[in-house]
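Chemist: Throw the hints in and build the complete structure from the sequences for me.
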Amino acid sequence: MAGGYQAVRKVVREMTPQAVTALIKDSNLKGRGGAGFPTGLKWSFVPMGDDARHPKYLIANADEMEPGTFKDRLLLEGDPHQLIEGMIVAAYAIHADVAYIFLRWAYRLAAERLQRAVAEAYANNYLGPNICGSDYSLEMYLHVSAGRYMCGEETGLLNALEGKRATPRAKPPFPAVSGLWGKPTVVNNVETLCNVPHIVNHGAEWFKSLSHTGEGGTKIYGASGKVKHPGAWELPLGTTVREILEEHAGGVRDGLKFRGLIPGGASTEFLLEQHLDVKMDFESVQKAGSRLGTGTMIVMDDKTCPVGLVLNLERFFAQESCGWCTPCREGLPWTAKVLQAIENGDGQPIDMQRLALHTKLLGPGHTFCALAPGAMEPLQSALNYFKDDFERHIREKRCPLR
Amino acid sequence: MLSEHLTMLTEEIKREIEAEMHHYPRKQGVCIEALKVVQRHRGWVSDESLRELAEFLEMTPDELDSVATFYDKILRRPVGKHVIFVCNSVTCWIMGYDRVRERLTQLLGTTLGETSSDGRFTLLPNVCLGACDHAPVLMIDGDTHLDIEPSKIESVLEQYK
Chain E
1 MAGGYQAVRK VVREMTPQAV TALIKDSNLK GRGGAGFPTG LKWSFVPMGD DARHPKYLIA
61 NADEMEPGTF KDRLLLEGDP HQLIEGMIVA AYAIHADVAY IFLRWAYRLA AERLQRAVAE
121 AYANNYLGPN ICGSDYSLEM YLHVSAGRYM CGEETGLLNA LEGKRATPRA KPPFPAVSGL
181 WGKPTVVNNV ETLCNVPHIV NHGAEWFKSL SHTGEGGTKI YGASGKVKHP GAWELPLGTT
241 VREILEEHAG GVRDGLKFRG LIPGGASTEF LLEQHLDVKM DFESVQKAGS RLGTGTMIVM
301 DDKTCPVGLV LNLERFFAQE SCGWCTPCRE GLPWTAKVLQ AIENGDGQPI DMQRLALHTK
361 LLGPGHTFCA LAPGAMEPLQ SALNYFKDDF ERHIREKRCP LR
Chain U
1 MLSEHLTMLT EEIKREIEAE MHHYPRKQGV CIEALKVVQR HRGWVSDESL RELAEFLEMT
61 PDELDSVATF YDKILRRPVG KHVIFVCNSV TCWIMGYDRV RERLTQLLGT TLGETSSDGR
121 FTLLPNVCLG ACDHAPVLMI DGDTHLDIEP SKIESVLEQY K
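Quick mapping for you: the protein sequence lines, in order, are chains E and U.
If you're matching positions, the first sequence starts at 1 in the working numbering and goes up one per residue.
If you're matching positions, the second sequence starts at 1 in the working numbering and goes up one per residue.
Label pairs and their computed distance ranges (CB to CB):
#1 U/43 x E/109: 19 to 29 Å
#2 U/149 x E/346: 29 to 39 Å
#3 E/120 x U/143: 24 to 34 Å
#4 U/112 x E/272: 31 to 41 Å
#5 E/253 x U/143: 19 to 29 Å
#6 E/41 x U/107: 51 to 61 Å
#7 U/154 x E/366: 42 to 52 Å
#8 U/81 x E/16: 54 to 64 Å
#9 E/400 x U/22: 56 to 66 Å
#10 U/107 x E/234: 33 to 43 Å
A few chain U residues facing chain E, derived, Cβ under 7 Å:
#11 23
#12 29
#13 32
#14 70
#15 71
#16 73
#17 89
#18 90
#19 91
#20 93
#21 94
#22 128
#23 129
#24 131
#25 142
Derived from the structure by calculation, the hints contain no laboratory data.
By construction, the Cβ of each residue, glycine as well, lies at the ideal position given by its N, Cα and C atoms.
Modeler: Here you go:
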């Protein structure tokens, strides 16, 4: 048991909730689910004190449905108590009464282990009434979802947990003020929460010193695709793309050449050879024109068709659109159809403009949530970096790699 | 008031649903879990089950169906004895999903979304299963099968009689 619930004992006995939030703010921990929002700042938005509305909720987002991402599964299966401990500390910091683990349906082993670990935590008075003899009490429940990518979106998740369709909600009000059943709620990613006990035990300065850059801590990076050793590794935040790809994943398989990668799940822009020395932290990847996202890279080799790959991504997003807002519901299937036509050899030169237009029409500010803008990120960078491949498909009326 | 004609919701199913109910401040909150409980016992959620469950949860059938049809892991059509979810997301696609799908449809004599004529398997496409370091991946009845080669599929299916 990593930490052995030392952090829980420490916070409920020695620290005020405000002091815990201040510590996490000082550590510079940013959300590891993809958006990179400062965790302590998120907690600080929750109304505190006697006037605050209860029950308040803390939710661990364990939905992990971003294609190419498998880091949270390793944390959930490997050490469920680490997550539970992080959740108790986070819940204490916002004075939550109830905590939920929102787990994706496919993680059966994680569900079993979490269920058992929650029961053990109750049996040892780390959950339930008067935790470790303090006056703080917390209930924790496991909710196993029934599918759909939209559940990973913060407000979609809230609706799913309430037993509704997982459509997004308008913001503001933000969940910190009005979330689950209209009550103050914080939703944090699994990896984010797993960092919390260690920050409590070792301090903000220690956490910051773990990283290669100004952003604190470590990150679980991953690599999948035709690399020699696909996997996931906990490394200092700011480790370069090259080190992850070449040293840890072993580079692309023999006989293949590296063409590019999407660094943080399906909804991030491509990085190429020229970006290999980019540090994988939030700021550096953004400067390179992409996003750190989940930090689990999907690697594309020279025998994999970029048009086919982007088609696969856009079909995913079109299918997973919740249908709530028109641009996303109508635009994504249209984008996928155009890409399918190009891949089939039925593309026309004007399709390039059509796709470019869609990356604008479905971009930030035009849709209700971030799903469609996220879907456009790999597409717009592919149109830029792999323009020749698209044009060759259209010119030769076939996929050159098939 | 529950009516007399209830047949799909056995006492056991109701007990399992009630055990989850206290996790949510409102009765409706348990409905996704309740649909999963029904499916675990019945294999899928029929119109009859849905109507009875709605009554039990004090929802209208349409309200419950709007939830049931949103979530792809709630099956509103009958399925075979075993359900195969084959991952078609990006990493599995790079690693050979197309060949895996071809071999599956060939062995089962069915297309995606259908049930084999002997009723043994239903083949459904699925988004990322979160095991991309072992792609291609498929899941049968909740068991994840990693590093699937087309040549391995027949022996994997043999495990499910």
